[in-house]
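Chain by chain, the residues:
Number of protein chains: 2
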Amino acid sequence: MSDRIKRVLILGAGFMGSAITFPISDSGKSVALWGTWLDDNIIDRCKKGQKHSKLKKILNKDVDFFFSNDMRKALIDADIIVIAVSSEGFIPVFEKLLTQLEGNIPIVTLTKGFVNFKGKVLRISDYAEYKFREKFGIDKPFYWGSVGGPVKAVELSRYIPTATIIGSRYVSVLNIFKSFETGYYRVSTTNDTVGVEVSSALKNVYAIAISICDGVYHNSKDSPLKDQYHNFKSALFMQSIEEMAYACGLLGGRMETAYKLAGTGDLYVTVASGRNSFYGRRLGMGENAKLAYNEMLEEDKLVEGYNSLKLAKKLFNMYSIDFESQMPLFNTLYDIVFISKKYNGQLEDLMKKLHIK
Amino acid sequence: MSDRIKRVLILGAGFMGSAITFPISDSGKSVALWGTWLDDNIIDRCKKGQKHSKLKKILNKDVDFFFSNDMRKALIDADIIVIAVSSEGFIPVFEKLLTQLEGNIPIVTLTKGFVNFKGKVLRISDYAEYKFREKFGIDKPFYWGSVGGPVKAVELSRYIPTATIIGSRYVSVLNIFKSFETGYYRVSTTNDTVGVEVSSALKNVYAIAISICDGVYHNSKDSPLKDQYHNFKSALFMQSIEEMAYACGLLGGRMETAYKLAGTGDLYVTVASGRNSFYGRRLGMGENAKLAYNEMLEEDKLVEGYNSLKLAKKLFNMYSIDFESQMPLFNTLYDIVFISKKYNGQLEDLMKKLHIK
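Chains H and D, in that order, are what the protein sequence lines are.
The first sequence maps to residues 352 to 708 in our numbering.
The second sequence maps to residues 352 to 708 in our numbering.
Hint data in this document are derived by calculation from the structure and do not stem from the laboratory.
What you are looking at is a predicted structure, and each value in this text was computed from that prediction instead of being measured.
Hints are not guaranteed to be accurate.
With a straight-line cut-off of 20 Å between C-alpha atoms, the simulated SDA-like cross-links for lysine to any residue are [said to hold, decoys possible]: (1) H:K704 <-> D:D565; (2) H:K380 <-> D:K703; (3) H:K704 <-> D:S378; (4) D:K703 <-> H:N526; (5) H:K708 <-> D:M606; (6) H:K529 <-> D:D700; (7) H:K708 <-> D:S523; (8) H:K708 <-> D:Y521.
Given only the sequences and the hints, what does the whole structure look like? Please build it.
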């Protein structure tokens, strides 16, 4: 496999898959964008040169667009595949891809989270490697990379300066992704694939926990305190980072990855805006956890952290960790969302026994 | 010196000195609060049982109050001294204290920043140790601690859950401060005094840099981009942490302290609110750096990061570091504030060459 590539195939034409066409195309690569069966309308508009319906912007002229039933055509001449579907869409898209794949082509995923496969919870890359080996045995190297870091798609599509991080055990995969750099898109690299993946998956969970504060103090009557609860929020932010670091180490990654772009950096943007933080805010205001989740789902706003919380709990259980001492904030959030189903001061109670580093 | 103490003397009756009376008193210690010559009115009101004019709250009943000219009385029976004056007030208060001090009593400082002493820039603890030795020679141990972390005074005074960190080479000093813990005030400890001090001083500087984004995109006409520049802000946040870690190591502390409460945690709250971030926002909107600083000063809003930036530059120069490669964000901010005196895209330019970890 060469580090120098010409053509990139992106799978998934939603926010992220479409946004990343900008730096990849601007860095001089030829880009193919394939939409899933949910994206056919988007692809149709793009083919006609109209604005992308989610990004509200016309994509670069030289991007080639492919409908969901044209994956075979989309794959022609592709030197690397970038998967950018939702975590729910990952398994069906990856299985469809495998049926067409010859092997040897590197695959990089922007999809974050864990997957539920035959009743087991797996990291996405563990699942992908398992399926890859099922098809190719040990004859082909599993060229794989996981992308993380603080990247909001709409901002990237508007050339807001953005830093991302890719983890891969293969330096050639790191080099290829590094070649997507432009003035507004900076790529840092690490060989800690697992750390990037775990941090990326857990940041949604912790963003919910931290954002509960926003709801709790939202209506404070004490005027100097109006919207002033930064101490608490920061304490939870730091505890989140410590627990993400622990989880990275637990699952075979490196703890320090949680202190970098993939962990701290991504957590920072996830707390600042988006569905997970909005959901946390609703919890803090006393709403029922299940009802709030369902209401948002009906508005087509899937709270990814809610599902990651459930899956991660199951995954951590396999490692029989002591949640109380090792991941107390995770444990408390699980209680709030799935046991008590309501916020009633659990975070304040947690603080009374917490020892943050 | 015993780890178990009864009475705490706090120097400085402004926001922080007064706020910290709450956990110390609530943890069962007897508290003496001494006001500087700028605090006489505050002390007068407190003695009469009136609300503290800055915190807008009556302090605990059992706190003893002392006017600036009563330092000798205030020192009676004190087992530990907590300095909580502004960085500008540190030298005069410490020199006054030294004239009264017998030695052997531990001193802990909440004051953050660097001091300008006889034309040299020093870390506060280096200055204090120098003066202490001048008086006591090597006959007495220099029991010293530096306190940092994400603590807004008003919030602490309202029992918002708060986590703080103390650095000291003496475990007895750490134990004493740890004994101030209450349900709403959590104390973590480290022997990295220098790291706590350096992180605490630099976070004001970096909060200015990060907050420039708020001004730049404030008036964005592109509607999906309104207030959406989290990618950029997070990239700068992460670069700030990396540079704070570098500075900790440079000045004899430990890099990892910057990734904990003293660095990342304190930076998080400082970006979220306060004078330094407000000043950064004004820079981002294109205001002249010197004029904006002076205007805020006239409104009695001293931008501490502005002064720390100037002092830190002088300090780092002594270590002849290569700013371009080792502290590029610091260097860029210095350019914006003291050379160009105006923001005109320097941060976007920096991003084009930045490699964040």
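Results for each hint:
With a C-alpha separation of about 36 Å, the suggested pair H:K704 and D:D565 falls outside the 20 Å cut-off, and the hint is violated. Taking the CA atoms of H:K380 and D:K703, the gap is about 19 Å. The hint holds against a cut of 20 Å. The suggested pairing of H:K704 with D:S378 holds, with an alpha-carbon distance near 15 Å, which does not exceed 20 Å. Restraint check for D:K703 and H:N526: satisfied, since their Cα atoms lie roughly 18 Å apart, inside the 20 Å limit.
Among the hinted pairs, H:K708 with D:M606 is consistent with the structure: their alpha-carbon atoms are about 14 Å apart, no more than 20 Å. Straight-line distance between C-alpha atoms of H:K529 and D:D700 comes to about 19 Å, which keeps the hinted pair within the 20 Å bound. Of the pairs offered as hints, the one joining H:K708 and D:S523 holds, with about 19 Å between alpha carbons and a cut-off of 20 Å not exceeded. Among the hinted pairs, H:K708 with D:Y521 is consistent with the structure: their alpha-carbon atoms are about 18 Å apart, no more than 20 Å.
In summary, the structure is inconsistent with hint 1 from the numbered list given earlier, while agreeing with all the others.
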